[in-house]
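Peer 1: Residues per chain, in single letters:
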Amino acid sequence: MSFDPNSKIEDNEILFRAFHYDQWDHSENRVTSGVFNSSGSISVDRDGGRIESEIIAAFRGRENYTNCGLVKNTAKFYREVNCTLRPDPIIPVNIYHALVDRVNGVGTTKSIARNLSKNSSLVIMAKSK
Amino acid sequence: MQSIERDKFDFKYQNNKYWIPSNKEFNDPEEWGDSTTGSFYWLGEYQTPTSVVEHNLERKINEKYNLLIEYFKEELDSVKSRFEQYNKVVRVQGKELNAMKKEMNLQKLDRIAAYQNNWNGEGTYKFDEEIISKAKFILLSTDLNRQPKIFPTNRNTIQIEYEDTNNKYLEVEILRNKFIVFTELYGEGNEYEVNSLDEVIKVMNEF
Numbered sequence: 042m043s044f045d046p047n048s049k050i051e052d053n054e055i056l057f058r059a060f061h062y063d064q065w066d067h068s069e070n071r072v073t074s075g076v077f078n079s080s081g082s083i084s085v086d087r088d089g090g091r092i093e094s095e096i097i098a099a100f101r102g103r104e105n106y107t108n109c110g111l112v113k114n115t116a117k118f119y120r121e122v123n124c125t126l127r128p129d130p131i132i133p134v135n136i137y138h139a140l141v142d143r144v145n146g147v148g149t150t151k152s153i154a155r156n157l158s159k160n161s162s163l164v165i166m167a168k169s170k
Numbered sequence: 007m008q009s010i011e012r013d014k015f016d017f018k019y020q021n022n023k024y025w026i027p028s029n030k031e032f033n034d035p036e037e038w039g040d041s042t043t044g045s046f047y048w049l050g051e052y053q054t055p056t057s058v059v060e061h062n063l064e065r066k067i068n069e070k071y072n073l074l075i076e077y078f079k080e081e082l083d084s085v086k087s088r089f090e091q092y093n094k095v096v097r098v099q100g101k102e103l104n105a106m107k108k109e110m111n112l113q114k115l116d117r118i119a120a121y122q123n124n125w126n127g128e129g130t131y132k133f134d135e136e137i138i139s140k141a142k143f144i145l146l147s148t149d150l151n152r153q154p155k156i157f158p159t160n161r162n163t164i165q166i167e168y169e170d171t172n173n174k175y176l177e178v179e180i181l182r183n184k185f186i187v188f189t190e191l192y193g194e195g196n197e198y199e200v201n202s203l204d205e206v207i208k209v210m211n212e213f
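Residue numbers (our numbering), protein chains in the order written: chain A, 42 to 170; chain B, 7 to 213.
Among the hints, erroneous ones may be present.
To be verified - List time: in silico DSS-like cross-link candidates among lysine-lysine, alpha-carbon distance up to 25 Å:
id, chain 1, residue 1, chain 2, residue 2
1, B, LYS114, B, LYS142
2, A, LYS113, B, LYS155
3, B, LYS79, B, LYS66
4, B, LYS142, B, LYS155
5, A, LYS168, B, LYS70
6, B, LYS174, B, LYS107
7, A, LYS159, B, LYS114
8, A, LYS168, B, LYS108
9, B, LYS114, B, LYS94
10, B, LYS86, B, LYS70
11, B, LYS174, A, LYS159
12, B, LYS174, B, LYS132
13, B, LYS184, B, LYS101
14, B, LYS86, B, LYS101
15, B, LYS108, B, LYS155
16, A, LYS170, B, LYS155
17, A, LYS170, A, LYS117
18, B, LYS132, B, LYS101
19, B, LYS132, A, LYS168
20, B, LYS79, B, LYS107
21, B, LYS107, A, LYS159
22, B, LYS155, A, LYS159
23, B, LYS208, A, LYS170
24, B, LYS114, A, LYS170
25, B, LYS155, A, LYS168
26, B, LYS132, A, LYS170
27, A, LYS168, B, LYS114
28, B, LYS208, B, LYS107
29, A, LYS170, B, LYS142
30, A, LYS170, B, LYS107
31, B, LYS184, B, LYS108
Unchecked claim - Derived coverage of chain B by chain A (criterion: at least 3 residues anywhere in the stretch with Cβ under 8 Å from a Cβ of chain A; other residues may be distant):
id, segment
32, 125-138
33, 154-167
34, 170-184
Said to hold, decoys possible - Going by beta-carbon spacing under 7 Å, a handful of chain A positions derived as facing chain B:
id, residue
35, SER82
36, THR125
37, ASP129
These aren't lab readings, by the way, just hints derived from the structure by calculation.
Owing to the predicted nature of the structure, the values given are computational and were not obtained by experimental measurement.
For every residue, glycine included, the Cβ atom is placed at its ideal position computed from N, Cα and C.
Whenever a hint applies, use it, and build me the whole structure from the sequences.
Peer 2: If you want it as structure tokens, here you go:
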């Protein structure tokens with residue numbers, strides 16, 4: 042099944058976000074909201090019909106992401122917390138790349154970041170080095 | 007005439023009154039007996055055996071009640087003393103825990119300070135020394151009541167957090183020239199800026 046990098050992001054798509062080991066909150070067992078805290082647009086990767094092991098391998102195969110962990114949220118949830126999603130494929134490096142912003146603005150608010158962190162699921166833990 | 011036997015006395019009922027037929031004469035009131043022992047020689051014209059029994063019952067209840075009060079007072083003293091002991095232990099352990107957290111936070115801050123560009127992929131950079139130094143000031147402040155959790159954010163700032171189990175959350179983001187405070191109480195978010203380190207510590211202690 043082929044993936045169109047510029048296709049509209051559907052609600053049922055899963056979006057993946059990388060995090061560093063020091064951004065894991067061990068007492069709450071989830072990432073800190075700082076992972077989603079951004080003045081600029083937030084970078085995520087669409088699942089694009091891939092299985093998780095493929096997605097992890099793709100992330101970690103990239104430069105500067107060797108030790109990263111991954112969390113995921115549905116596109117629907119991003120929209121529920123007032124975010125807009127748009128495909129932003131980086132061809133040919135990462136055709137699954139997408140950007141997230143708050144409605145009528147760039148980046149996220151602290152409230153959105155906290156909602157995203159609280160509702161994200163761990164895909165793979167970051168390496169502590 | 008009705009007759010009832012109670013406490014070895016034969017009470018007679020006549021003309022709507024109880025009375026004790028007595029062959030004995032008492033000159034000394036002391037000999038009338040003690041109202042609390044069950045003797046009824048003192049029984050007066052308007053007193054019935056029922057009122058005497060009630061009186062004795064009330065006295066016994068009072069005695070038991072006083073004993074119970076004494077018992078509870080002793081128990082309360084004992085609980086207070088144990089509570090003070092536990093409190094002392096908790097305070098000591100709290101201080102030790104806080105010291106450990108401070109040490110861990112400082113180690114983490116040293117790690118963050120050593121991050122290089124792209125520490126979390128593209129768009130992440132080496133941390134500004136000013137931000138690290140402000141975070142260290144907060145963690146080392148003797149005015150700070152308890153150590154927070156600290157995290158690096160993807161926009162190269164430091165975020166310090168308190169999160170209570172009771173739906174209370176405080177977040178302070180340390181930027182180069184200001185601090186952004188975000189609080190969430192029972193799902194209600196509030197965001198504002200403060201400018202000085204003293205204000206930040208005050209906000210954290212008030213949480």
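Peer 1: Could you run down the list of hints and mark each one as holding or not?
Peer 2: Quick rundown of the hints versus the structure:
Among the hinted pairs, LYS114 of chain B with LYS142 of chain B is consistent with the structure: their alpha-carbon atoms are about 11 Å apart, no more than 25 Å. Proximity of LYS113 of chain A to LYS155 of chain B is assessed by CA-CA distance (about 23 Å); at most 25 Å being required, the pair is judged to hold. A C-alpha spacing of about 20 Å is found between LYS79 of chain B and LYS66 of chain B, which places the hinted pair at or below 25 Å, so the restraint holds. Proximity of LYS142 of chain B to LYS155 of chain B is assessed by CA-CA distance (about 13 Å); at most 25 Å being required, the pair is judged to hold.
Proposed proximity of LYS168 of chain A and LYS70 of chain B is contradicted: the alpha carbons are some 69 Å apart, above 25 Å. Taking the CA atoms of LYS174 of chain B and LYS107 of chain B, the gap is about 20 Å. The hint holds against a cut of 25 Å. About 22 Å separates the Cα atoms of LYS159 of chain A and LYS114 of chain B, which keeps this hinted pair within 25 Å; it holds. A hinted pair counts as satisfied when its Cα atoms are at most 25 Å apart, and LYS168 of chain A with LYS108 of chain B qualifies at roughly 23 Å.
This hinted pair does not check out: LYS114 of chain B and LYS94 of chain B have alpha carbons roughly 30 Å apart, beyond 25 Å. In summary, the hint linking LYS86 of chain B to LYS70 of chain B is supported, as the alpha carbons are separated by about 24 Å, within the 25 Å threshold. Distance restraint check for LYS174 of chain B and LYS159 of chain A: the Cα-Cα separation of roughly 14 Å lies within the 25 Å cut-off, and the hinted pair is therefore satisfied. A C-alpha spacing of about 32 Å is found between LYS174 of chain B and LYS132 of chain B, which places the hinted pair above 25 Å, so the restraint is violated.
For the hint pairing LYS184 of chain B with LYS101 of chain B, the CA-to-CA distance comes to about 30 Å; that exceeds 25 Å, so the pair is violated. Between LYS86 of chain B and LYS101 of chain B, the direct Cα distance comes to roughly 22 Å. Compliance with the 25 Å bound is thereby established for this hinted pair. Our distance criterion of 25 Å between C-alpha atoms is met by LYS108 of chain B and LYS155 of chain B, whose separation comes to about 9 Å. This hinted pair checks out: LYS170 of chain A and LYS155 of chain B have alpha carbons roughly 20 Å apart, not beyond 25 Å.
With a CA separation close to 34 Å, the supplied pair LYS170 of chain A and LYS117 of chain A exceeds the 25 Å bound. Restraint check for LYS132 of chain B and LYS101 of chain B: the C-alpha separation of about 33 Å exceeds 25 Å, so the hint is violated. Proposed proximity of LYS132 of chain B and LYS168 of chain A is supported: the alpha carbons are some 19 Å apart, at most 25 Å. For the given pair, LYS79 of chain B sits about 41 Å from LYS107 of chain B by alpha-carbon distance, which is inconsistent with the 25 Å threshold.
Between the alpha carbons of LYS107 of chain B and LYS159 of chain A the distance comes to roughly 23 Å, so the proposed pair stays at or under 25 Å and holds. Pair hint LYS155 of chain B plus LYS159 of chain A holds up; C-alpha atoms about 16 Å apart against a cutoff of 25 Å. About 36 Å separates the Cα atoms of LYS208 of chain B and LYS170 of chain A, which puts this hinted pair outside 25 Å; it is violated. Using a Cα cut-off of 25 Å, the hinted pair LYS114 of chain B and LYS170 of chain A holds, with the two alpha carbons roughly 13 Å apart.
Distance restraint check for LYS155 of chain B and LYS168 of chain A: the Cα-Cα separation of roughly 20 Å lies within the 25 Å cut-off, and the hinted pair is therefore satisfied. As the CA atoms of LYS132 of chain B and LYS170 of chain A are separated by approximately 18 Å, the hinted pair is consistent with the 25 Å bound. The straight-line distance between the Cα atoms of LYS168 of chain A and LYS114 of chain B is roughly 15 Å, inside the 25 Å bound, and the hint therefore holds. Annotation: proposed proximity of LYS208 of chain B to LYS107 of chain B holds, straight-line Cα distance about 20 Å (limit 25 Å).
Under the criterion of a C-alpha separation no larger than 25 Å, the hint pairing LYS170 of chain A with LYS142 of chain B is consistent with the structure, at around 23 Å. Distance hint between LYS170 of chain A and LYS107 of chain B is fulfilled; the C-alpha atoms sit about 21 Å from each other, no more than 25 Å. A threshold of 25 Å between alpha carbons decides the hint, and for LYS184 of chain B with LYS108 of chain B the separation of about 23 Å falls inside it, so the pair holds. Look at the segment 125-138 of chain B against chain A: 5 of its residues bring a Cβ nearer than 8 Å to a Cβ of that chain, three or more, so the hint holds.
Here's how the segment 154-167 of chain B fares: 9 of its residues keep a CB closer than 8 Å to some CB of chain A, so the rule of at least three is met and the hint holds. With 3 residues having a beta carbon nearer than 8 Å to a beta carbon of chain A, the segment 170-184 of chain B meets the requirement of three or more and the stated coverage holds. The interface hint given for SER82 of chain A is broken, as the beta carbon of that residue sits about 10 Å from the closest beta carbon of chain B, more than 7 Å. Taken as an interface hint, THR125 of chain A does not check out: its beta carbon lies about 19 Å from the nearest beta carbon of chain B, beyond 7 Å.
Here the hint on ASP129 of chain A is broken, as its CB sits about 13 Å from the closest CB of chain B, past 7 Å.
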